[in-house]
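**Student:** Residues 120 to 699 (the working numbering) make up the sequence shown, in order.
Don't read these hints as lab results, they were simulated from the structure.
One or more of the hints may lead you astray.
Said to hold, decoys possible - With a Cα cut of at most 27 Å, we get these calculated DSSO-like pairs of lysine-lysine: (1) K291 x K641; (2) K637 x K168; (3) K479 x K577; (4) K588 x K479; (5) K314 x K505; (6) K479 x K451; (7) K446 x K291; (8) K523 x K451; (9) K405 x K382; (10) K476 x K523; (11) K439 x K637; (12) K405 x K637; (13) K382 x K479; (14) K588 x K291; (15) K314 x K451; (16) K479 x K641; (17) K577 x K476; (18) K439 x K476; (19) K577 x K505; (20) K637 x K314; (21) K476 x K314; (22) K476 x K451; (23) K451 x K168; (24) K291 x K479; (25) K627 x K637; (26) K405 x K479; (27) K505 x K641; (28) K577 x K562; (29) K544 x K588; (30) K451 x K577; (31) K532 x K446; (32) K544 x K439; (33) K479 x K627; (34) K562 x K439; (35) K439 x K577; (36) K168 x K446; (37) K451 x K439.
Since the structure is predicted, the reported quantities are computational estimates derived from the model, not experimental observations.
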Amino acid sequence: MKRKIGRMLAWIGGITVGLIVLVIVIIVVAGGKEEVPDQTILRINFEQKVVEYVPDDPISKLTQKDALVVREIVAALEQASQDERVVGLLARVGRSRMGMGQIQEVRDAVTAFRERGKPAVAYAETFGEFGGGNGGYYLATSFDQIYLQPSGDIGLTGFGIEQPFLRGTLEKLGIEPRMGQRYEYKNAANIFMEKAYTDAHREADQTLLQGWYNQMVRGIAASLETSEDDVRALIDQGPILGTQAVDLHLVDSLAYRDEVYDKVKSDWGEDAEFLSLAEYIDRTEKPYDDGTEVALIYGVGAVTRGESEAGSMGSDTVTKAFRDAVKDEDVKAILFRVDSPGGSYVASDAIWRETVKAQKAGKPVIVSMGDVAGSGGYFVAMHADKIVAQPGTITGSIGVLAGKFLTQNFWDKIGLNWDEVHVGKNAMFWSSDQDFTPEQQAKFDGFLDRVYQDFTEKVAEGRNLPWEKVHEVAKGRIWTGEDALEQGLVDALGGFPVALNLVREALKLAPDAALKLKIFPKEKSLLELVMEKGLIGVDPGTMMMVRTMETLRPVLKLAQSLGFGQKAGVLTMPGGWGNR
């Protein structure tokens with residue numbers, strides 16, 4: 120039996136080695152095919168899902184393998200703008216899946232691409248078929264030309280929020296909210312506690328929408344070379360049919376996809392070949408992969424205790440990433456990309472602590488904010504050396520809320536009885552069947568006050584502001600990044616390029632100094648993740664396969680260094696943000 124097992128393992132190992140050698144041969148033989156054509160039209164589909172990063176878990180690696188990553192879009196466009204082989208950019212833009220901050224990040228990247236003398240064309244089947252199309256059209260106006268399918272329209276109608284309030288529903292069900300917040304602008308609990316907007320809630324939401332509206336109007340007006348008043352008038356006419364859009368100069372022409380493709384080839388070169396963003400990234404060297412090392416740490420999703428998972432910023436994962444970056448002697452600074460609506464106070468505080476320790480260790484921390492950095496998402500960022508936000512980034516919400524629902528009357532309605540036993544005066548503190556006693560209410564209020572005081576004091580320290588000023592702009596209120604800059608909550612407006620310039624400044628480097636981003640925690644392959652999560656039993660055969668692959672990894676790297684699998688002379692950027 121042992122001999123049979125041994126022969127089986129040897130056979131598996133032999134097959135594995137053979138397959139990997141075959142992969143190397145394919146790389147060598149097919150290397151010449153994987154190159155960027157001499158005349159390339161870079162193609163991007165912005166109707167695909169756009170994410171900040173793909174989490175390190177097997178499900179995300181599989182389900183989001185085709186997602187566009189914000190950092191990669193920005194880096195690839197900057198690289199392509201200086202690549203002589205890239206003759207232009209063609210993008211499908213219609214339904215945008217991005218928030219305001221991400222849209223502005225991509226708009227900036229497209230604008231920078233054009234400023235290098237490269238043309239950019241956008242086309243859309245429609246901007247919001249029987250729905251809003253503000254974001255998609257706002258993005259499209261950063262291109263030189265916009266084409267719209269004849270049957271399409273432009274849902275440029277402005278911004279609005281329809282907010283449900285459940286207090287009446289809860290009353291009918293016999294459920295009573297027992298919640299507290301600090302202070303009047305911390306409005307997330309209002310959907311349970313109110314039947315309509317409070318004055319503070321309305322003010323905060325109205326101000327946010329007005330900020331976004333003003334930013335969009337300014338951007339569109341600048342792109343269309345018209346006045347802001349004219350753009351406002353156009354928005355008030357929306358939605359606008361395609362034929363009207365041409366007459367109103369909102370688009371350049373009506374055309375189907377094939378006609379747009381034919382037009383750009385005619386203008387940019389009949390021999391030009393289309394190459395998707397993913398293909399372009401795969402066929403070129405990684406931008407900004409050499410120079411002074413900077414750690415890139417992602418804080419994306421709801422802040423939670425434990426390890427990061429899809430949609431969450433786990434404090435164990437992020438704090439370890441900071442500690443590892445501090446220990447790494449080659450890392451000179453940390454770029455912390457935050458896109459989070461907040462979450463656990465304790466988890467946020469743990470991450471905040473590591474940003475402070477990193478600075479004390481002599482490693483500057485620069486924060487770049489995505490669509491939102493609110494509440495706990497701002498907490499983790501507030502002590503950074505510099506904070507960068509997009510004008511439309513939802514920022515702040517410096518406050519706290521907590522509570523419970525009393526459900527006794529609801530259970531009575533349906534005839535369900537609860538009973539309990541307990542030991543300890545406050546054992547039932549969080550019970551949904553018992554209201555707070557006066558003493559418990561005082562303790563609960565004290566908890567809210569303590570968290571708010573801690574939050575605002577740390578903001579005051581991190582932002583070098585008087586506490587009274589922080590309290591004035593806090594109270595749970597959200598701001599646009601543009602307003603947050605005026606209030607002293609952020610230092611600059613922009614995206615990755617602005618943040619990296621601030622990294623160079625913090626390190627006293629030249630403005631064009633090369634940077635190498637190193638992602639923490641280290642990105643793992645799908646196989647490593649599957650093995651780590653225990654989705655495949657770690658039997659001897661599997662272990663042999665893994666060890667064989669690890670043994671041959673240097674051979675694969677050697678093949679790449681010799682030029683197999685990539686074209687010699689691929690353009691290398693002098694600085695940038697990170698590894699794919």
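**Student:** Run every hint past the structure and note whether it holds.
**Tutor:** Quick rundown of the hints versus the structure:
{"no.": "1", "hint": "K291 x K641", "in the structure": "52 Å, violated"}
{"no.": "2", "hint": "K637 x K168", "in the structure": "24 Å, holds"}
{"no.": "3", "hint": "K479 x K577", "in the structure": "16 Å, holds"}
{"no.": "4", "hint": "K588 x K479", "in the structure": "26 Å, holds"}
{"no.": "5", "hint": "K314 x K505", "in the structure": "40 Å, violated"}
{"no.": "6", "hint": "K479 x K451", "in the structure": "13 Å, holds"}
{"no.": "7", "hint": "K446 x K291", "in the structure": "57 Å, violated"}
{"no.": "8", "hint": "K523 x K451", "in the structure": "45 Å, violated"}
{"no.": "9", "hint": "K405 x K382", "in the structure": "31 Å, violated"}
{"no.": "10", "hint": "K476 x K523", "in the structure": "35 Å, violated"}
{"no.": "11", "hint": "K439 x K637", "in the structure": "15 Å, holds"}
{"no.": "12", "hint": "K405 x K637", "in the structure": "12 Å, holds"}
{"no.": "13", "hint": "K382 x K479", "in the structure": "57 Å, violated"}
{"no.": "14", "hint": "K588 x K291", "in the structure": "42 Å, violated"}
{"no.": "15", "hint": "K314 x K451", "in the structure": "52 Å, violated"}
{"no.": "16", "hint": "K479 x K641", "in the structure": "23 Å, holds"}
{"no.": "17", "hint": "K577 x K476", "in the structure": "14 Å, holds"}
{"no.": "18", "hint": "K439 x K476", "in the structure": "12 Å, holds"}
{"no.": "19", "hint": "K577 x K505", "in the structure": "15 Å, holds"}
{"no.": "20", "hint": "K637 x K314", "in the structure": "49 Å, violated"}
{"no.": "21", "hint": "K476 x K314", "in the structure": "45 Å, violated"}
{"no.": "22", "hint": "K476 x K451", "in the structure": "14 Å, holds"}
{"no.": "23", "hint": "K451 x K168", "in the structure": "33 Å, violated"}
{"no.": "24", "hint": "K291 x K479", "in the structure": "55 Å, violated"}
{"no.": "25", "hint": "K627 x K637", "in the structure": "19 Å, holds"}
{"no.": "26", "hint": "K405 x K479", "in the structure": "31 Å, violated"}
{"no.": "27", "hint": "K505 x K641", "in the structure": "24 Å, holds"}
{"no.": "28", "hint": "K577 x K562", "in the structure": "23 Å, holds"}
{"no.": "29", "hint": "K544 x K588", "in the structure": "40 Å, violated"}
{"no.": "30", "hint": "K451 x K577", "in the structure": "25 Å, holds"}
{"no.": "31", "hint": "K532 x K446", "in the structure": "59 Å, violated"}
{"no.": "32", "hint": "K544 x K439", "in the structure": "38 Å, violated"}
{"no.": "33", "hint": "K479 x K627", "in the structure": "17 Å, holds"}
{"no.": "34", "hint": "K562 x K439", "in the structure": "33 Å, violated"}
{"no.": "35", "hint": "K439 x K577", "in the structure": "22 Å, holds"}
{"no.": "36", "hint": "K168 x K446", "in the structure": "35 Å, violated"}
{"no.": "37", "hint": "K451 x K439", "in the structure": "17 Å, holds"}
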